[in-house]
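Enquirer: Fit chain P to the given chain Y structure using the hints.
Protein chains in written order, with the UniProt record's numbering: chain Y, 1 to 418; chain P, 1 to 418.
Bear in mind the hints are in silico, worked out from the structure with no lab data behind them.
Every value quoted in this text rests on a predicted model; they were computed, and no experiment measured them.
It is possible that some hints are incorrect.
Note that identical chains are pooled: a pair holds if it fits in a single copy or bridges any two copies.
Stated by the list, open to error - Derived EDC-like pairs (lysine to aspartate or glutamate); straight-line CA-CA distance at most 20 Å:
hint, residue 1, residue 2
1, K391, D356
2, K417, E137
3, K417, D310
4, K392, E371
2 protein chains.
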Amino acid sequence: MTRSNRTDHIRLTSHPVPGAKHNFPLQWGAENARERGPIIGTVSRPQDRNVIGSHGGSYTVYRALAVSSGALDPIRRPDLTNTHPAATIGPFGQWRDPAKIVALDPWGHLVAENFGGEIAEGIDIRPTIAVTKARIELPELHAALAARRLVHDGDVVHANGSVSVVKIAIDPVWYLPGVAARFGTSETNLRRGLFEQTGGMYPELVTRPDLQVFLPPIGGTTVYLFGDVTKLNDARTKITCRVHDECNGSDVFGSDICTCRPYLIHGIEECVAAGQNGGLGIIVYNRKEGRALGEVTKFLVYNARKRQEDGDAAAAYFERTECVAGVQDARFQQLMPDVIHWLGITRIDRFISMSDMKHDALVGQGVDIVERVPIPDELIPADAHVEMAAKKAAGYFSLEPQKPQELGDTVGRPLEKY
Amino acid sequence: MTRSNRTDHIRLTSHPVPGAKHNFPLQWGAENARERGPIIGTVSRPQDRNVIGSHGGSYTVYRALAVSSGALDPIRRPDLTNTHPAATIGPFGQWRDPAKIVALDPWGHLVAENFGGEIAEGIDIRPTIAVTKARIELPELHAALAARRLVHDGDVVHANGSVSVVKIAIDPVWYLPGVAARFGTSETNLRRGLFEQTGGMYPELVTRPDLQVFLPPIGGTTVYLFGDVTKLNDARTKITCRVHDECNGSDVFGSDICTCRPYLIHGIEECVAAGQNGGLGIIVYNRKEGRALGEVTKFLVYNARKRQEDGDAAAAYFERTECVAGVQDARFQQLMPDVIHWLGITRIDRFISMSDMKHDALVGQGVDIVERVPIPDELIPADAHVEMAAKKAAGYFSLEPQKPQELGDTVGRPLEKY
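Same shape as in the complex, but just chain Y (with noise of 0.2 Å):
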């Protein structure tokens, strides 16, 4: 939106006043934060926007539903008093290069100390990242500990079996140029592509290039980090690293046909052992639910696997996919390099992940890898061998090459067998 609406007119944001030139124009990958000038999604002062979409992924739907109801004013301003970063995170000369960093805002946990003067005079730029600190327990770890796989130190790990965490909460900003690059297309392409597959979602995606940064609808990011986050600004430390992309079903549920959970928890009792060892542990979990499908087509999908003649077979587990979706995974791990350029890593000397996928983005980028740790036999759930036969014959890391056979003689559970 251009100019505050009258009630009785609403001013399509397609086509803005004409000859309207921005007041805070962006120059992405700046020096730094002032240069590169503030995000400004705001939906108070339309005035002040310099980007397409607005704050808060999703959830600005439900801000609609707050303010329609009467339960929010809409020109309220966020007082983030005693908001600011938990944990000192950067600046890195990552966050210097346009082509490093694209889909997320690495000044974005900053705005209050660098544009402070302008959010004073009523000019509402807000977040897109939010770093605090927390203690998780989780019943895993205490397994663990009573195995004395981990013992506690009273830093990292405490006596009750807690772990001492810096987690971060990042919202992704896209500079549509450097989105587009990624993915080897242009950004016309890119933006109509936004514009058509969304079923017309922002038309400023096609009509305003002038508008280069786009805050997309979708599930964010959140970072956990393990051990002394101080020694992400020394390049030998060593560095154990999860990029997992979410699994409802068994990340919170603990459904067997995957692997999920089970690796996710492997890699977070790596983290909190390189964190006691004078490492950090890093998970970066996304929300990317059933390969950015959603879970409707994943759910379908379980019902295509499970009632296939032959049975649930690794031979026929991403066709399947393919049938129902049209392609075979949407994650597409192109952007998903940015957070580690964010927290200024170079290396990583443990990659707790299997995925080809994640791992070609990573060395693609530029982030080196040392080692790739699979996950241990004992924790693949007895269904999930179906998963993981399919994914190793598709190239996923693992430590034995699969053998043929395999792939046609591993069948999972059929749908009457629940």
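Expert: Frame of chain Y, contents of chain P only:
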């Protein structure tokens, strides 16, 4: 979009071809699926569309990346072979009441059986609900078996500790006149709020009153059913139910600042017992991270709470959220009862929740609640007593009313103690 776009020409969705009419009119709350009409959010046959938005919630954005990068053919149609529901749900009388279900498509899992002819002719009709089966394994349930709070019966709980469930993914489908009525506002006001507060998402919200159904790009709902699901058809079945709003920090990572995972797990244990005792257990999991304000806001609030002059006090718990976000809570339970109506339920015998908002929303929608079950005290993490005391003082259900001084006395860990 109202017609196929030429390469050199993009027709904005806000203003269709003059005089165009719908090929597939919708009649919300009609007697059956064919009279109601199919929900068509296709992007490959724009002339068939009868809704605002598209399928897959937020994941439309990833579909756009798939198409932009050449990985997905934009006119690809899903092959729904073998994807039909793995258990029968409904139809129930509530499906025919346009005021009882306004935020999902009650026929959304049955598109292949109701519109098979149209799909075969090339109309791109997609399911918005998927019903499958699963086995879940949770360390806390193993502990419950070891402690003999649960026993295995070979049917609901298996000898290895895994639990059989029917699970259902539901994407939101909003009938805008009905949603407006739930929030006590006009449809025009709701449409305008949705348009303005999202920074101008979907101009058709304000230009196309003829399109009354919206597929919002927000996370959906997952339902887990424990026990014999055919008992949904018997009004005498004892129902145990927890309605849980997502909290990634606790549900997955076990953060000790809140009671989310402990209460969810307690709910699952109660649901398992209900299923074993001839009743039905139901977990409803809604994607509403951080009170539907998102995780960035949530972490900012944590910092503000922990840095208050008098410490993280129950007395200021809700105030801190309101300072940062403008509202204390944006979850708005008004639409939540729809899934209970969809399951044909008119009475919940054991409601595993202390939330007065959830209770009041259900009762207001005509669902009886017989007994409310608070979280057992021994499951509340030490640092989560702040949240619990604040919620009880604000009207959350509790077996013993709170004494005023407890509210002032309950103080959590400051940031330097993590």
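Enquirer: Against this structure, judge whether each hint is valid.
Expert: Structure-based check of each hint:
For the identical chains of this complex, K391 and D356 are intra-copy neighbours only, at 9 Å inside a copy versus 46 Å across copies, given an alpha-carbon limit of 20 Å. Within a single copy, K417 and E137 get their C-alpha atoms only as close as 34 Å, which misses the 20 Å cut-off; across copies the closest is 16 Å, which meets it. Taking the shortest alpha-carbon separations for K417 and D310, only the intra-copy value of 15 Å comes in at or below 20 Å, while the best inter-copy value is 56 Å. When the C-alpha separation of K392 and E371 is checked against a cutoff of 20 Å, the pair qualifies only within one copy, where the shortest distance is 17 Å, while the shortest distance between copies is 50 Å.
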